[in-house]
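These protein sequence lines map, in sequence, to chains A and B.
First residue of the first sequence: 9, per my numbering; consecutive thereafter.
First residue of the second sequence: 8, per my numbering; consecutive thereafter.
These are calculated hints, taken from the structure and not from any lab test.
Hints should not be assumed to be uniformly reliable.
Unchecked claim - Straight-line C-alpha distance at most 25 Å; calculated DSS-like pairs for lysine-lysine:
(1) A:Lys198 with B:Lys43
(2) A:Lys198 with B:Lys289
(3) B:Lys588 with B:Lys682
Unchecked claim - Pair ranges (Cβ atoms, derived):
(4) A:Asp75 with B:Ala415: 52 to 60 Å
(5) A:Ser187 with B:Leu419: 32 to 40 Å
(6) B:Met423 with A:Val170: 24 to 32 Å
(7) A:Leu197 with B:Lys188: 16 to 24 Å
(8) A:Ala103 with B:Leu709: 30 to 38 Å
(9) A:Ser148 with B:Phe742: 48 to 56 Å
(10) A:Asp75 with B:Leu709: 48 to 56 Å
(11) B:His293 with A:Ser187: 44 to 52 Å
(12) B:Leu451 with A:Phe126: 44 to 52 Å
Claimed, not checked - Some chain B residues well away from chain A (every beta-carbon gap over 12 Å; in silico):
(13) Leu37
(14) Pro40
(15) Leu44
(16) Asp388
(17) Arg409
(18) Phe737
We treat Cβ as the ideally placed atom computed from N, Cα and C, and that holds for glycine.
Okay, here's what each chain looks like letter by letter:
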Amino acid sequence: MKEYKRKYDQFLYMGQERWLAARRWGRTLLICLCLCVFGSFRQGGDSSEYKLKAVFIYNFTLFVEWDQSVKTEDFTIGVLGNSPIDGPLEEIARAKTCGGRKIVIHHYNSVDELTGSFCHILFIPRTANANVNTILSKVSKGTLTVSEKAGNADRGVAINFVIIDNKLRFESNPRAISSAGLKASSQLLKLAIIVD
Amino acid sequence: MKRRLLIFICALLISHCLPAQDMDSLSQLLDLPIDKLMEIKIYSASKKEESVFDAPLSSSVVTKDQIKKAGCTSIVEALRLVPGMIVQEQTNGNYDVHVRGVSNVPPNALLVFFANSTTLVMIDNRPVYNYLHGGTFWETLPVDINDVERIEVVIGPCAAMYGPNAVSGVINIITARPEHKGLYAVVNDQYGSYNSIISNASLGYKFNDKVSAWASANFQNRNRTQSNYYDVVTNRYVPIDSVTAIRNAMLTNPDIVSQSYPDPHLAMRKYAVNGFVTYDPKKKVHFELAVGGQHSQVQKEFGTGLTPLTTSLSDTRYVSLRADIYDLSLQVSDNGGTEAPALGQKIWHWDLNTMDAAVEYNIHKVKNLSIRPGISYRVADYNDSRYVNTAIREGLWNGDARSTTTSASLRLEYLMMNSKLRLIASGRLDKFNYPDKLYVPYQLAATYRINERNLLRVSGGTAYRAPLLIDVFTNLDLTGSFPITSPSQQYVFQLRGNKNIRLLSSSMISVGYRHKMDGKIELDMEAFYSMTKDFSDLITESGKIDSAAPISFSGLIDINNLTVRLQRFGGTVSFSYYSGKWQFRPFVTIQQSYLLDYSQYTNSPQSFPSSSNNNNPAVYNINSGMGSRIGNKRAPAYFGGAYINYQHNDKLNVNVNAYFYGAQTQLESKNLSYKDGQRGVENMDPKLVLNAGISYNILKKLNLFANFRNCLDDRSVEFYKGDATALMVFGGFHFEL
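Okay, chain A solo, but in the shape it has when bound (with noise of 0.2 Å):
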């Protein structure tokens, strides 16, 4: 017990010096650790997937046709409840077009709000807080529906988030894509894994 309190001892004086400076350099780690957690409070932000989802959304665009006779000055794409997808969502309207169309985000906080509204894309999170048979009905025809649940497709959802082997792929159920009045090109039909 002694020899243990003596190397004890002789631990804490020799390395006392270094001991201290690593406290230092600890207290300062934490302070610029709580700079950047601060930082990404105030700016908030989105984790990649989110980032690539966004991306594949817009890219949707580029190969759905909507019914032209839906006359909208803008592009609308809606968001149910809250979703990392917002932030990559309002930088992309920011940065692109849709067809010389402004890009708008709006936001359904509930699935009532759905009533009477139209939107050319609308995303639902995984975390929507309703059935995603609720969601549909709720739908105006022209919408592109877009979700990341596992068996949404089967559901009648146009479109389904997964991922296979870390890669973010989706799902399409040419049905609902057909029925929602919506034409969808040979080219994104290939890529995606149909559902029936």
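Starting from the known structure of chain A, fit chain B onto it as the hints suggest.
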């Protein structure tokens, strides 16, 4: 002060510049065609973390990307990136791994019992821990860092979900698959200090979406960081032929050094090959075949009386088949070969064969209820009859040591309150041949998703360690003479296993909270309380001394349960911050543990009087500690690490990672023989192991890197009488086609 101010300002700038970097990567993505977008791997662990976020138990994942960027040189070293793990180096590349510190209990045991015997280690769900003592011979794993896709760790008793031995946790090493159609090749070579050579190569072909085939090979050579060995008699590190026990052994066997320590400079030399074929004939149908073999020679802490270090040899091969057919999962694996964990000593040499078969079936949801029943069968067969004279019981078991496990399991999962509340109940029936008793581990867990960013969880359960062959089947006569004091007189120790031993069990309750914000910030906090009991050790049952007879001493030692219980409580906090080019992931575990009813005396009341029981076995025996409660310093009170990565651009990556632990004291059986507080005792000071790695892509597929391990060159030992650790510098390349 100026320097710190500069860092402060830099951090402030970085924190403000991060969103701009996000924008850049988003604009790059917008320039890519959709088919190229589909080839992008989802950066960061967000998907993994997402699944970890919902996990009902304490879970962590370390990915291939993190392992590579951190510059880990082996799978075991990568476990230092996982919260809740205690990973301590014995010799260059050889580690002791404990999950949250059920280590060195009972204290004062033989070194062979220091190994972590309570963790289920698997490769692609195939158990690979050693049935001898429940520990894992890490060097015998046929896969290496190149083969790893990710390592999943579950902490806490979870035998009900994963099978026997998942008492302190589960480590599941998931291997990588070819990522694209056509030719697939990965080569990773590095060379470093102490002649450390680590080579990995994989070559394969993905024919189409249905069929892939590939092979991998790995080689490691590492020299020790010192040449001397610990001599317990003199309490010094000396050349191997000066170790007192070796010098005594040389009196009867002059070749003991060349037989037991053929390469004193060598810490590790191992090589392995693996072959994999996958076949996916249709959606939801998947077949996977893996075969391989390995040879390894290491010097690690096993402890057999000569020195703590022994040379351990192993040659094994395996075959594993997995089939997922819709809701049915089937896995069959076989592993066989030879092992000699203490080369040159007949006791520690055997052939082994283990077979595992498991079937599980997912019953489709009945409303919100999921049901997953399963059955499994396991045989572990170790046989030493080829290497010893069984008639005089020279070997550890002198014949067949065969343990069988037949199990049935059931997992129920019920979703309530619009899927916000998830209830999970798992139970299992384990029937072993020895001990011949039915064991019922169970687990209850619940998660409540407050909203998409916050989750509460609670879990509790009891798990049992698998029967250890050394506990159950030991059947050895240790004979010899007293070469110096009285060479004509013989002694006999009969060492016997115990077929009725109670299996070690652990019960734990844990409460956790997880928070995530916009995929950038994640916080995982957990508090736990656990009680572990039914430890086992060698117990001296009886002995006779007759100095006039040719056999002057005969004694019976068996393996039996101890009264000691380990009470632990504490918590783990991990924090993750991912943004643009930066990743921060610090984590720490703080714990307090107590030994209840601990007796340092490992003799029964009927044993013979000796100095180890103060010549009064009736008073000083295995029951003497009843009612006591002492603080346990065998495991560190705090430990953890940090992972900090900066990806400057597509080419340059810089990583700093740290691992630290608090003071701990390990006590080996020699502590009770010498009682001088030095011999048999290892006082380990608090330690910070700081590592760094820098890598640069000189071509799209070719990466050059340099790794620095233990940058502070802290040479303090990390394990009982182990080698001094040293600063290691590695340089190498990674090529991926």
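Task: Structure versus earlier hints - violations, ascending order - done: 3, 11, 13, 14, 15
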